[in-house]
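Chemist: Residue numbers (numbering that gives the first Met the number 0), protein chains in the order written: chain W, 0 to 386; chain F, 0 to 89.
It should be emphasised that the hints constitute simulated quantities derived from the structure, not laboratory data.
Heads up, some of the hints might be wrong.
[As the list claims (entries may be wrong)] With a Cα cut of at most 35 Å, we get these calculated DSBU-like pairs of lysine-lysine:
#	chain 1	residue 1	chain 2	residue 2
1	F	Lys55	W	Lys23
2	W	Lys159	F	Lys78
3	F	Lys78	W	Lys140
4	W	Lys33	F	Lys55
5	F	Lys55	W	Lys54
6	W	Lys33	F	Lys13
7	F	Lys57	W	Lys289
[As the list claims (entries may be wrong)] Covered stretches of chain F (chain W as the covering partner; in silico rule of three or more C-beta atoms under 8 Å from a C-beta of chain W):
#	region
8	25-38
9	71-78
[What the hints assert, rightly or not] Anything over 12 Å on all C-beta distances counts as not near chain F; from chain W, calculated:
#	residue
10	Lys108
11	Pro127
12	Ile173
13	Lys174
14	Gly211
15	Arg317
None of the values given here were measured: they were computed from a predicted structure.
Each residue gets a CB set at the ideal place from its N, CA and C atoms; glycine is no exception.
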Amino acid sequence: MNKFDVIVIGGGIIGLATSYYLLKSGKKVALIEKNEFGSGASCACDDAIFFQSKKPGINLELTIDSIELYKSLSDELGIDLELENKGGMVLIEKEDHLKVMEDFVKKQKKFGLKVDILDRRDVIKKQPHIRKDILASTYCKEDSQVNPLRVMRGFISKSKKMGLEIIKNNIIEIKEKKDGWKVLLEDKKTVESEFVVNATGAWASEIGKMIGIDIPIVPKRGQIAISEAIPSLGETNAWSAQYIVTKIAPELDRNQNEVYKRLGIGFALSQASTGNYIIGSTREYVGFNKKTTYEGIQLILKEAMALFPIFSKVNVIRTFAGLRPASEDGKPIVGEVEGKKGFYIAAGHEGDGIALAPITGKVVADLINGKRVRYNIEELNLKRFKY
Amino acid sequence: MCNEIICRCEEITKEEIEKVIEDGAQTANEIKRFTRAGMGLCQGRTCRGLVERLIKEKTGIEPQNIVPSGYRQPVRPIKIGQLGLKNEQN
Ligand SMILES: Cc1cc2nc3c(=O)[nH]c(=O)nc-3n(C[C@H](O)[C@H](O)[C@H](O)COP(=O)(O)OP(=O)(O)OC[C@H]3O[C@@H](n4cnc5c(N)ncnc54)[C@H](O)[C@@H]3O)c2cc1C
Numbered sequence: 000m001n002k003f004d005v006i007v008i009g010g011g012i013i014g015l016a017t018s019y020y021l022l023k024s025g026k027k028v029a030l031i032e033k034n035e036f037g038s039g040a041s042c043a044c045d046d047a048i049f050f051q052s053k054k055p056g057i058n059l060e061l062t063i064d065s066i067e068l069y070k071s072l073s074d075e076l077g078i079d080l081e082l083e084n085k086g087g088m089v090l091i092e093k094e095d096h097l098k099v100m101e102d103f104v105k106k107q108k109k110f111g112l113k114v115d116i117l118d119r120r121d122v123i124k125k126q127p128h129i130r131k132d133i134l135a136s137t138y139c140k141e142d143s144q145v146n147p148l149r150v151m152r153g154f155i156s157k158s159k160k161m162g163l164e165i166i167k168n169n170i171i172e173i174k175e176k177k178d179g180w181k182v183l184l185e186d187k188k189t190v191e192s193e194f195v196v197n198a199t200g201a202w203a204s205e206i207g208k209m210i211g212i213d214i215p216i217v218p219k220r221g222q223i224a225i226s227e228a229i230p231s232l233g234e235t236n237a238w239s240a241q242y243i244v245t246k247i248a249p250e251l252d253r254n255q256n257e258v259y260k261r262l263g264i265g266f267a268l269s270q271a272s273t274g275n276y277i278i279g280s281t282r283e284y285v286g287f288n289k290k291t292t293y294e295g296i297q298l299i300l301k302e303a304m305a306l307f308p309i310f311s312k313v314n315v316i317r318t319f320a321g322l323r324p325a326s327e328d329g330k331p332i333v334g335e336v337e338g339k340k341g342f343y344i345a346a347g348h349e350g351d352g353i354a355l356a357p358i359t360g361k362v363v364a365d366l367i368n369g370k371r372v373r374y375n376i377e378e379l380n381l382k383r384f385k386y
Numbered sequence: 000m001c002n003e004i005i006c007r008c009e010e011i012t013k014e015e016i017e018k019v020i021e022d023g024a025q026t027a028n029e030i031k032r033f034t035r036a037g038m039g040l041c042q043g044r045t046c047r048g049l050v051e052r053l054i055k056e057k058t059g060i061e062p063q064n065i066v067p068s069g070y071r072q073p074v075r076p077i078k079i080g081q082l083g084l085k086n087e088q089n
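Same shape as in the complex, but just chain F (with noise of 0.2 Å):
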């Protein structure tokens, strides 16, 4: 068994990144997107080398040309009411 925890925010483990590479997978992004890893709260700041290993694993693909997921605004969490807005109508 390998219930290694890959992504702590949610909760995501080995075995299951290692199904979805079987499964077709083969780019950060597909990995995130099929497994919800690196969507939580943290964004992937810690899984995100992790899941990138386990591809090479896998896939024997030299960490050179793993396709890396994407950064997306913001870069942490913000409060919606903390985004300069005004609470009034157009």
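Looking at chain W on its own, in the form it has when it is part of the complex (with noise of 0.2 Å):
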């Protein structure tokens, strides 16, 4: 028979860490996977569980709790997720961002983030490398990374052990049924169900179109590229305030270079427990395609040349790109679908998926088992870009 309690679709990190705290409730799970696992962002992403990037608000308030079921997954999964604790910077190269920054960590403080802003004595003291000329940076302790690599394994192989069905195939037709949901895939198999879950991040809205409704999630391709091992640069992770800047507030972005606001490159530098050094990223609409490009890879490296001159000597080794699922306000879609009894959405995290899985996960999990959640879910649900 295959029959399950809940189908999950996708099986990127969102999808895995639904699959695992439903399977921890005590539902029997299918996770349908078309491709590799982690091909569209999971496995081709930076690591950071960075607070100071998120908008106070639910996404703030959801990382902060996402960070505490990290803290128990490595024991949980028996898998070092290499959760780390360093510190972040945003580093700030122009008057005007300086004041967007100091806006902005303003309204963090009121929200209880711990964060501050240095001065140049103090960023030159915590990051030796940087430019002499740097004008400030902020710094917030909090700022953390984990490796998803590791979290999807992680997840991969606890979630086996615990019965999850492993299918990778293609779908061809999801249908509605008078008590929950069949999935027809296309070596001709049919799946059952009662719940359904969409995470099939860039792709949510293709899944979308299958059962009628539409999703506003599109693909945004970051391209990387990933230093050879050295030895630490500096205390911190670190960004620059055009990265928060693109991020938060692109309209304060009107007098950038055409290029760079093309290809929206937002420099952030963190480095692995191995040594390597991840540079990143890009922000394109490019639909479905996950190449890199020369242009892009060189901005990169040029904004990292730029802030950290030491660079030009370090060997780059690998270079790749990943499909952030970009929804349109900014903020994830996640929970029941109105009008469509026991299907899920939880999608369009863009660049926090990484930071948001486990909370993802494990509220889904609660709302598919009725349980209340104590965040205002429904501000994260498909409903709100009904006008």
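Please dock the two separately framed chains into a single complex, following the hints provided.
Modeler: Here it is in structure tokens:
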């Protein structure tokens, strides 16, 4: 019998986290992945649990709780997830960015996040290799990182032990039945369940179309370069204020260079536990194209050299690109679809999906189990896009 | 014991690779992502074939049906300063 309590569609970090928390609550779960695990965004991204980039509100609230879940997951999954708390700095090069950041930091502080602005001297203390004329930076002790590849591997192996059925196949059709859902696969097999979770990231709207709903999520490409393993350059991971401005206040971004704007360059730097630096990234709307471009990689590395001149002597060994699932308003879409009983969405996390995976999985499992969740979860429901 | 090293750059053993195959990895990319085999300085030039052979041994998937791992730029490590960039501000 191919009958399950829940069918989760999509084997990225969100689908895997959701499957895990559902299994943990006793549900019988099947996971359908059409390609390779994490082939969309989850295995082609940075590793940040970055509080400072979140606008005060539900995303920040969820991030705070997600990190608590991560703290216990290494034990639960029996694998070192390389959760580290190095703190994070947003490097500020321009006066007008300083103003934006001061304002942003004030709001975050009001929300309870411990973040400060450092002057040049203190920036150089923490980042001895930074360009000497750096203006200022923010500093948040809480900013952390986790290795998404290890998280994915941990979820898969633990979930398999807990009885997860992994189906690697394409979906042809999704049918609503009186008491649940029926999914028809390319190999002619069918699977049935009471609940379905659409966790297909950048592809979520394609699954939506199969049941006649509109899901406003599009792919936003991010290119990344990986350096050889080198000793640590500074105390924390770092981002350029440009990254924050591009992300949270694109309207303040008018006087930026055309090419940078088109490629959505926002510098992000983090060192993996192996010593390799992850240097990112672009934010481009190019459909489902996952290729890297010379232009994109060049500009990212140019940013790296401009901020940390020593990078000119470091080897880059690999490049790749991932597709962020970008929703229309920058917040994920999580919850049951109105009028489609039992059909849930958990997608659209854009640049926050690694940070938000555990809490998203937990919330979806709680909702399916009819438990109350303590967030204003309606704020993340698809119906917010109905005007 | 089979502590035979498959990926020399990252020092990944045969045992480790067999374990992730048991854990659900089926393609060369999935093995690379979950063990780091092929992610080191040589980017899989040495271990690529060995990994594909292990997949065949463990899963019975025929070599022609094994999805190979991707090739990515740059072909060889390259110094960032040699990318033809001037170190100036935009
Ligand atoms: C360059 C870059 C840097 C990033 N940095 C960070 C960071 O520092 N911190 C952070 O928190 N987040 C970061 N992110 C964002 C994060 O990677 C994503 O938010 C997250 O991985 C999304 O996970 P997902 O499971 O929703 O999507 P995906 O990982 O894309 O998974 C979706 C899966 O669904 C599958 N699928 C699609 N259609 C179907 C179908 N019809 N049937 C079956 N399966 C299907 C796909 O094959 C894919 O495997 C970054 C992203 C990028 C690209």
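Chemist: For each hint, tell me whether it holds in the structure or not.
Modeler: Results of checking the hints against the structure:
Between Lys55/F and Lys23/W the alpha-carbon distance is near 33 Å, which keeps this suggested pair within the 35 Å criterion. Restraint check for Lys159/W and Lys78/F: the C-alpha separation of about 42 Å exceeds 35 Å, so the hint is violated. With a C-alpha separation of about 32 Å, the suggested pairing of Lys78/F with Lys140/W holds against the 35 Å cut-off. Note on Lys33/W and Lys55/F: the hinted pairing holds, with a Cα-Cα distance of about 21 Å set against a maximum of 35 Å.
Between Lys55/F and Lys54/W the CA atoms are separated by roughly 48 Å; this puts the pair beyond 35 Å, and the hint is violated. For the hint linking Lys33/W to Lys13/F, the alpha-carbon distance of about 28 Å falls within 35 Å, and the restraint holds. Under the criterion of a C-alpha separation no larger than 35 Å, the hint pairing Lys57/F with Lys289/W is consistent with the structure, at around 30 Å. Here's how the region 25-38 of chain F fares: 8 of its residues keep a CB closer than 8 Å to some CB of chain W, so the rule of at least three is met and the hint holds.
Restraint check on the region 71-78 of chain F versus chain W: 6 residues with Cβ-Cβ distances below 8 Å, three needed, restraint holds. No Cβ of chain F approaches the Cβ of Lys108/W within 12 Å, the least distance being about 30 Å, so the stated non-interface status holds. The Cβ of Pro127/W sits about 18 Å from the closest Cβ of chain F, beyond the 12 Å cut-off, so the non-interface label holds. Taking the minimum C-beta to C-beta distance to chain F, about 24 Å, the non-interface status of Ile173/W holds against the 12 Å cut.
Residue-level check passed: Lys174/W sits 28 Å from the nearest beta carbon of chain F, beyond 12 Å. Once the 12 Å rule is applied to beta carbons, Gly211/W is consistent with being away from chain F; the minimum gap is 33 Å. Distance check for Arg317/W against chain F: the nearest CB is about 5 Å away, which does not clear 12 Å, and the non-interface claim fails.
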